Amino acid sequence: MLERAEIIRKEYLRHDKKFPHVWCPGCGNGIVMGALLRAIHSIGLSKDEVVLASGIGCSGRLPTYVDFNTIHTTHGRALTFATGIKLAKPELSVLTVMGDGDATAIGGNHFIHAARRNIDLTAIIINNATYGMTGGQYSPATPYGAKSTTSVYGHVEHAFNIAELAVAAGASFVARSTVYHASHLEQMIKKAIEKRGFSVMEIISNCHVQHGRRNKLGGAVEMINGFKERAVTIGKAEKMNPEELEGKITIGVLTDVEKPISTDEYRRIAAEAKEKADNITKAKEKNGIKRYEE
Amino acid sequence: MELNNTQKKVLLQGNEAIVAGALAAGCRFFAGYPITPASEISEILSVKLPEFGGTFVQMEDEIASMGAVLGASLAGVKAMTATSGPGFSLIQENLGYGCITEVPCVIVNVMRGGPSTGLPTSPAQGDVQMARWGTHGDHPIIVLAVSSVADCFSVTVRAFNLSEKYRTPVIILSDEVVAHTRESVILPEPDQIRVFDRVKPDVPPEWYKPYADNNRSVPDMSSLGDGYRHHVTGLVHDEKGFPTQNPQEIKQFLTRIHKKISKGFQDIQITKNHHMEDAEVFVIAYGSVARSALRAVRDARKLGVKAGLVQLITLFPFPRKAVDTYLRQCRVAIVPEMNMGQMSREVGRVNQAGCRIVKHNRIDGQLITPEEILKHLTTV
Ligand code: SF4
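These protein sequence lines map, in sequence, to chains A and B.
Per my numbering, numbering of the first sequence is gapless, rising by one per residue and ending at 294.
Per my numbering, numbering of the second sequence is gapless, rising by one per residue and ending at 674.
Since the hints were made in silico from the structure, they are not lab data.
One thing to keep in mind: the hints can contain errors.
Among the chain B residues that face chain A by a calculated CB cut under 10 Å, a handful are [what the hints assert, rightly or not]:
#1 Val341
#2 Lys342
#3 Ile357
#4 Ala366
#5 Tyr391
#6 Val526
#7 Gly528
#8 Leu529
#9 Pro537
For clarity, every value in this text was computed on a predicted model and none was experimentally measured.
For each residue, glycine too, the CB sits at the ideal point set by N, CA and C.
Based on the provided sequences and hints, a complete structural model is requested.
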């Protein structure tokens, strides 16, 4: 394990100039980064074939620190850039890292459509139930009744269940884990990357600085331990009734289905269209007519 | 781009000619969202791109389209989107990203009347200043205008070439009249078209600096996955691409992206002059209005008025040198446009010769007619 950690530290981190990172001590983002790097390493992808795109927010800084092709895009739009990259160069492994506000508020439309479109992408969503970088305002994942800088009287709206939203929108693979379950998290991320089609990995994480403090959830250690206490596996959860599931975090694979991937489908129809067109062009050229004159 | 007169004529719509120009320039990726009067560009490219080995995708909105275009271009593929006013508003956010990260791409805005949903099927030229200043921050941009079907082809090729050469998004402004008018044109042979491709780095990857200054002030550009791993960010970055807060580096970076455009000014500013040799009064026009203006100038000449036309192909950076010559030569400049005076403002700004500037504006969704312009030419 130590050896692997050392390889990852040496191989994947951008040490010159990029550290110290901007995250608060104890932030779950670091755990996610470690699990992500170990997952990529164990799959054996080369650094050149991995593209990591992020949106804006604390999680958006993750790509800065790791030595892949990295793109820090605009708020909520990481999946749109990733779609363009994947369609233009399907041989690349394209991953996005987004926060809950990033992916499901400003990026909500892109998120559901990416799931529907089923392009071979991996969307990693770090859900800490708040906007950390801008000072702890409520996000679409902030629970009902929770306090934030924009809901000091208690939040009156209801939270998205991000993983279930992804299932409903048609993602091929959806899993959930938490930053407490570091090795489970790594396994889930690995599965999500290996899955061909649109895969979503929701990671329950802690923003003890902005969310935890305001809601008396304790510091990083208490919050992360809280995830341990609240976690139940999908298998177990299926046998529990809604009352028992109240406040629990179900972890594991929510869905894993096979369906046509639009990246592949497009290649198929494009090849057919090209062949047809080439035949027509050849026939026309025989008669002395050039391509743009059609 | 030389035309060979022995070639066959083809009947094309403006939007179709934009597609032909894009394909000829090497565009192999299009992402868009349907909107009148730009939809034909999407429709035709959805058929043509696969045939040319390229990719078409219809995104969920224009913000997404622009994101996909930037992603595809970063992956090394020439990419474009096309839209109209309301969609152009949405594109602005990621357009700014394209400017700061210096990603070549082409955005076509087939203008329609505004504001908001405005006049979906009527021509207008109300997005001129939005094309220049629509996205936040202080950045240079290249904006070109088309006035005929032939222009649609050649200006689109030019737009791609400029965007690749200067590593910047380039905007093409069309309007409903140009987009939907059918004209017979002669398109050049593919081998007569000069196509410019972005300069790729040839140094070992560890030496590569994706935002380093060079004699053109345009850094070499690698593609995702070709071994030159680096960081791309919409934050102001140093020459290696990493965010910086260092005032020296910030200044260096922003100065360079302005400098690369000002260095290329001669190359970028394109105008077409008609009857300007001995002109005493002249019209400055662009887009479909330039067609009316040309007719008006010819009619005025028949009436003995020494009239001329300077047609702007490049709107920004504003071709001040070309225009200035004639502001000094003539006593009156007439600027007709289908807005309240967005380009006459630029003309006024550069006018140091004391030339009289006469605005002529129409915002009722109707094309400015030759008669309206002729009236000015014969009375000023
Ligand atoms: S503000 Fe919250 S999410 Fe952001 S780095 Fe700090 S703890 Fe992490």
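Hint check results:
1. Val341: holds, 8 Å
2. Lys342: Where the cut-off is 10 Å and the nearest Cβ of chain A is about 8 Å from B/Lys342, the hint holds.
3. Ile357: holds, 7 Å
4. Ala366: This interface hint holds because 4 Å falls under the 10 Å limit.
5. Tyr391: Hint on B/Tyr391: holds, closest Cβ of chain A at ~5 Å, below 10 Å.
6. Val526: holds, 5 Å
7. Gly528: holds, 6 Å
8. Leu529: holds, 7 Å
9. Pro537: At 7 Å from the nearest chain A Cβ, B/Pro537 passes the 10 Å test, so the hint holds.
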